[in-house]
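Peer 1: Sequence:
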Amino acid sequence: MTALREHVETVRLVDHHVHGCWLERPDRPRFENALNEANTEPLADFDSAFDTQLGFAVRAHCAPHIGLDRHAAADAYWAQRSSIPERELAQGFLFAAQVSDWVVDTGFAGGVADLDQLAGLGVGRVHEVVRLETVAEEAAATPGDYAAAFDAALWEHSRTAAGTKSVLAYRGGFVGDLSDPSPAEVADAAARWREAGGTRLTDRVLLRFGLHRALRLGKPLQFHVGFGDRDCDLHAANPVHLLDFLR
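So in the numbering used here, the last one in the sequence shown is 248, and the numbering has no gaps at all.
No lab work stands behind these hints: they were computed from the structure. The beta carbon of each residue, even a glycine, is placed where N, CA and C say it ideally should be. Keep in mind that a hint or two might mislead.
Computed spacing ranges between beta-carbons, pair by pair [to be verified]:
1) Ala149 - Ala35: 16 to 22 Å
2) Ser84 - Gly198: 53 to 59 Å
3) Ala80 - His236: 41 to 47 Å
4) His66 - Arg160: 33 to 39 Å
5) Gly198 - Asp28: 29 to 35 Å
6) Trp156 - Gly227: 29 to 35 Å
7) Asp52 - Asp245: 40 to 46 Å
8) Gly93 - Asp178: 26 to 32 Å
9) Gly93 - Pro43: 37 to 43 Å
10) Gly173 - Gly112: 39 to 45 Å
11) Asp76 - Leu218: 33 to 39 Å
12) Glu186 - Trp23: 20 to 26 Å
13) Gly121 - Ala153: 27 to 33 Å
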């Protein structure tokens, strides 16, 4: 077992889906709500994300890396964390993960390290995975033919990317038609979406269109599956429903 343990500890890991880390120190409510991401409502004043399974894990596994005992009290953990510069924290935690390659979904939210900033931490190689729904929003905001705008944006974003990713699970789920829509269907759907403001894509025709355009790149396509946020219907995010599409 000693030899096996020594071997396992030398194996470098690839984290196939992450988002950028913070580079500016958050306040405590922002930090605790980040531990509460699956809940779309902010934590109540009387509640604490430190008292959740993820909070327990943070205090168990992260506390020793900032000079505290495992399972340090929440207030002690927060005080110690707040005394360390955010960039130094990010470098320390990411280095301790022993990950050689980070595959980063850049379409999630702002206020976090971008690809260059993450690479600048010197904690492993950084690769992008392009979120299709974000590309669609960019295409919707571009005048002219939607399909052409989508293709141009996807090509530009994916040239050096490791692959693409879809949050279809959050935008209606996997149940239903996932075939490649016709050009006329795409044009009609795009016109409706643009008239409605062109934000947060939920139109299934355009979601399908994005998936099939991504496949043409010949690169991996990731799907979020299973439970994530509370706006995700678990039964509709079952990857079994993707079988026809995958075949």
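Peer 1: Now look at each hint and say whether the structure bears it out.
Peer 2: Going down the list of hints, with the structure as the test:
At about 38 Å, the beta-carbon gap between Ala149 and Ala35 misses the expected band of 16 to 22 Å. Judged by the Cβ atoms, the range 53 to 59 Å given for Ser84 and Gly198 is violated: they are separated by roughly 44 Å. The hint said 41 to 47 Å for the Cβ distance between Ala80 and His236, and at roughly 43 Å that hint holds. At roughly 36 Å, the beta carbons of His66 and Arg160 sit within the given window of 33 to 39 Å.
Separation of Gly198 from Asp28 is about 31 Å and conforms to the stated range, judged on CB atoms against 29 to 35 Å. The hint said 29 to 35 Å for the Cβ distance between Trp156 and Gly227, and at roughly 30 Å that hint holds. Under the hint 40 to 46 Å, the C-beta atoms of Asp52 and Asp245, about 43 Å apart, fit the expected range. Separation of Gly93 from Asp178 is about 48 Å and departs from the stated range, judged on CB atoms against 26 to 32 Å.
Here the CB-CB span from Gly93 to Pro43 is close to 28 Å, at odds with the stated 37 to 43 Å. Checked against the hint of 39 to 45 Å, the C-beta distance between Gly173 and Gly112 comes to roughly 27 Å, which is inconsistent with it. Roughly 49 Å separates the CB atoms of Asp76 and Leu218, a value that falls outside the hinted 33 to 39 Å. Evaluation of the 20 to 26 Å hint for Glu186 and Trp23 yields a failure: the beta carbon distance comes to about 41 Å.
At about 29 Å, the CB distance of Gly121 to Ala153 agrees with the hint of 27 to 33 Å.
Hint compliance for this structure: hints 1, 2, 8, 9, 10, 11 and 12 are broken, all remaining hints hold.
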